[in-house]
Amino acid sequence: MSANLSASFYLISGILFILALRGLSSPETSRQGNYFGIAGMVISIVVTFLSVGNFGPGFVYVLGFLLIGGSIGAFIAFRIPMTAMPELVAGFHSLVGLAAVFVAISAFLKPEAFNLGIVGNIKLASLVEMSLGAAIGAITFSGSIIAFLKLRGIMSGSPITFKGQHLINLVLGLAIIFLIFYLCMSQSSNIFWSIVIISFLVGVLLIIPIGGADMPVVISMLNSYSGWAAAGIGFTLENTALIITGALVGSSGAILSYIMCKGMNRSFFNVILGGWGATEQSSNSENKEQKPVKNGNADDAAFLMKNASSVIIVPGYGMAVAQAQHALREMVDALKKNGVKVSYAIHPVAGRMPGHMNVLLAEANVPYDEVFELEEINNDFANCDVAYVIGANDVTNPIAKSDPQSPIYGMPVLDVEKSKSVLFVKRSLSPGYAGIDNDLFYRDNTLMLFADAKKMTEEIVKSL
Amino acid sequence: MEIDPFIFRFSIFILSIFIGYYVVWSVTPSLHTPLMSVTNAISSVIIVGAIIAALAGSSDSIFEISNIFGFLAIILAAVNIFGGFLVTQRMLQMYKKKKNK
Numbered sequence: 001m002s003a004n005l006s007a008s009f010y011l012i013s014g015i016l017f018i019l020a021l022r023g024l025s026s027p028e029t030s031r032q033g034n035y036f037g038i039a040g041m042v043i044s045i046v047v048t049f050l051s052v053g054n055f056g057p058g059f060v061y062v063l064g065f066l067l068i069g070g071s072i073g074a075f076i077a078f079r080i081p082m083t084a085m086p087e088l089v090a091g092f093h094s095l096v097g098l099a100a101v102f103v104a105i106s107a108f109l110k111p112e113a114f115n116l117g118i119v120g121n122i123k124l125a126s127l128v129e130m131s132l133g134a135a136i137g138a139i140t141f142s143g144s145i146i147a148f149l150k151l152r153g154i155m156s157g158s159p160i161t162f163k164g165q166h167l168i169n170l171v172l173g174l175a176i177i178f179l180i181f182y183l184c185m186s187q188s189s190n191i192f193w194s195i196v197i198i199s200f201l202v203g204v205l206l207i208i209p210i211g212g213a214d215m216p217v218v219i220s221m222l223n224s225y226s227g228w229a230a231a232g233i234g235f236t237l238e239n240t241a242l243i244i245t246g247a248l249v250g251s252s253g254a255i256l257s258y259i260m261c262k263g264m265n266r267s268f269f270n271v272i273l274g275g276w277g278a279t280e281q282s283s284n285s286e287n288k289e290q291k292p293v294k295n296g297n298a299d300d301a302a303f304l305m306k307n308a309s310s311v312i313i314v315p316g317y318g319m320a321v322a323q324a325q326h327a328l329r330e331m332v333d334a335l336k337k338n339g340v341k342v343s344y345a346i347h348p349v350a351g352r353m354p355g356h357m358n359v360l361l362a363e364a365n366v367p368y369d370e371v372f373e374l375e376e377i378n379n380d381f382a383n384c385d386v387a388y389v390i391g392a393n394d395v396t397n398p399i400a401k402s403d404p405q406s407p408i409y410g411m412p413v414l415d416v417e418k419s420k421s422v423l424f425v426k427r428s429l430s431p432g433y434a435g436i437d438n439d440l441f442y443r444d445n446t447l448m449l450f451a452d453a454k455k456m457t458e459e460i461v462k463s464l
Numbered sequence: 001m002e003i004d005p006f007i008f009r010f011s012i013f014i015l016s017i018f019i020g021y022y023v024v025w026s027v028t029p030s031l032h033t034p035l036m037s038v039t040n041a042i043s044s045v046i047i048v049g050a051i052i053a054a055l056a057g058s059s060d061s062i063f064e065i066s067n068i069f070g071f072l073a074i075i076l077a078a079v080n081i082f083g084g085f086l087v088t089q090r091m092l093q094m095y096k097k098k099k100n101k
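So the sequences go chain by chain: A and B. Read in order, the letters of the first sequence are residues 1 to 464 in the working numbering. Read in order, the letters of the second sequence are residues 1 to 101 in the working numbering.
Simulated from the structure, these hints should not be mistaken for lab results. Quick caveat, the model's predicted, so the values are computed rather than measured. Don't be surprised by glycine CBs; every beta carbon is placed ideally from N, CA and C. Do not rely on the hints blindly, as some may be mistaken.
List of simulated lysine-lysine pairs, BS3-like, C-alpha gap at most 27 Å [what the hints assert, rightly or not]: (1) K97/B / K306/A; (2) K96/B / K306/A; (3) K337/A / K96/B.
Taking CB as the label site, the calculated pair distances span [claimed, not checked]: (4) M1/B / I168/A: 55 to 63 Å; (5) K98/B / R152/A: 30 to 38 Å; (6) V171/A / E2/B: 35 to 43 Å; (7) S61/B / W193/A: 19 to 27 Å; (8) S267/A / L15/B: 24 to 32 Å; (9) I14/B / S428/A: 50 to 58 Å.
One chain only, chain A, in its complex shape (with noise of 0.2 Å):
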């Protein structure tokens, strides 16, 4: 196949890609969206191997090398329970990354297969291109690899700081720029494995003093890096296809981590320099005086909802972590029986990926006109006779909006407090990842249901 033919080729599969992407604007276009993107890889793959025209037994051992991947994410991708997405989102992010790593190593080792020159002679534009896909690459591998074990539950979820921390990132981060632009003046094989062992480093140290519920923003990072570099790579071997695929993830995965820091007012280098919750928690706690609470069990909560008109549930990562999400609908189903409206408000930052919450709630069969954004439903919470809360805590915090000194001052929440009752479900008082007491804990108007989240909601159904 001529080069101007193939090239034509990957510049469609470039656009489905995009279509693939513009499907997502609406949950019914989603999926014709998804076969789109199908098409898209479809044809770039087919397209390779015709160009590539070499039908040997290396083209046998590629499509074996293809069916062994395939049937392992086949299998993982029907396997997987939708509270493990967000782990899975970083484990699939790391092999984008390590795949980039190792298309650059082969390029440097071979570069005559793919037009760049020769071993030694590599074209300088090429070796940068190269180079940067390689760090790039390597840094997505090792830092979704550490976002994939703290998610996990393998690794702390707490922050790891150190002093000097960002001294070393910093001096580390300079040194792949100094050994790029040394690597373009010697051709070193020696200089290139260093680049790329640097790299896997820095993403190491990028990701660990980062904490557990900063997640959606280190996942959208890494979407973001794993799209750069792909880029790098498409430059290297001066395909279409891989451009335009690495610039729309990169810009995706930027959006995505602007949104996540938006709903936590917080910069995005003040996320990536880590240590929130760690640096706050000690002031915090000695005020502490015991107050009182109102301690409720399922029937109360029951009764109160069972009068109520209107309910909105508020979802956060708790619920995810105690599977609840199937005894809230069963919940939600017989309230509605009782002719109670029932709503979702969703925080942009609930769960630990952007989405979180929708993806678990659809999972138990909740419509999605029913779920709505934080902008959408907050002036609802005014009119609403019952605030579910369950699995949230921070993003519900009234303190957000009255008290400067707080670190979570300016963040967007949920106006939970402004309905007539609070339900809030929840283990024990202790403050969430923000390490702050919730002064909603402590209101007339609220009753805590201390208790396992699935629980307590499987209880509320029995005496519904």
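Given chain A, put chain B in place with the hints provided.
Just chain B now, with coordinates in the frame of chain A:
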């Protein structure tokens, strides 16, 4: 003076960033998780590079070190392609509208 082809590719890159910017802002927040999994799947188009790397060279030396890195990259990217698209599909199947009574 002739324009370096790099500039053309760079133009495509920059314009695609803009397209990405506008397209992603129009994605509804409730689909942000499928957005991440589908972007992850399409970024595995890096498999194109992996295939070229794996098939490079003559047919009697298909297991040179650079080919092996290509084969490894194919496995990784294939996991992502199948896993990414299928899990996205599985998620999107779950999004249902309220039944009209």
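Status of the hints after comparison with the structure:
no.	hint	result
1	K97/B / K306/A	25 Å, holds
2	K96/B / K306/A	26 Å, holds
3	K337/A / K96/B	20 Å, holds
4	M1/B / I168/A: 55 to 63 Å	44 Å, violated
5	K98/B / R152/A: 30 to 38 Å	35 Å, holds
6	V171/A / E2/B: 35 to 43 Å	41 Å, holds
7	S61/B / W193/A: 19 to 27 Å	23 Å, holds
8	S267/A / L15/B: 24 to 32 Å	28 Å, holds
9	I14/B / S428/A: 50 to 58 Å	52 Å, holds
Violated hint for the displayed structure: number 4, the only one.
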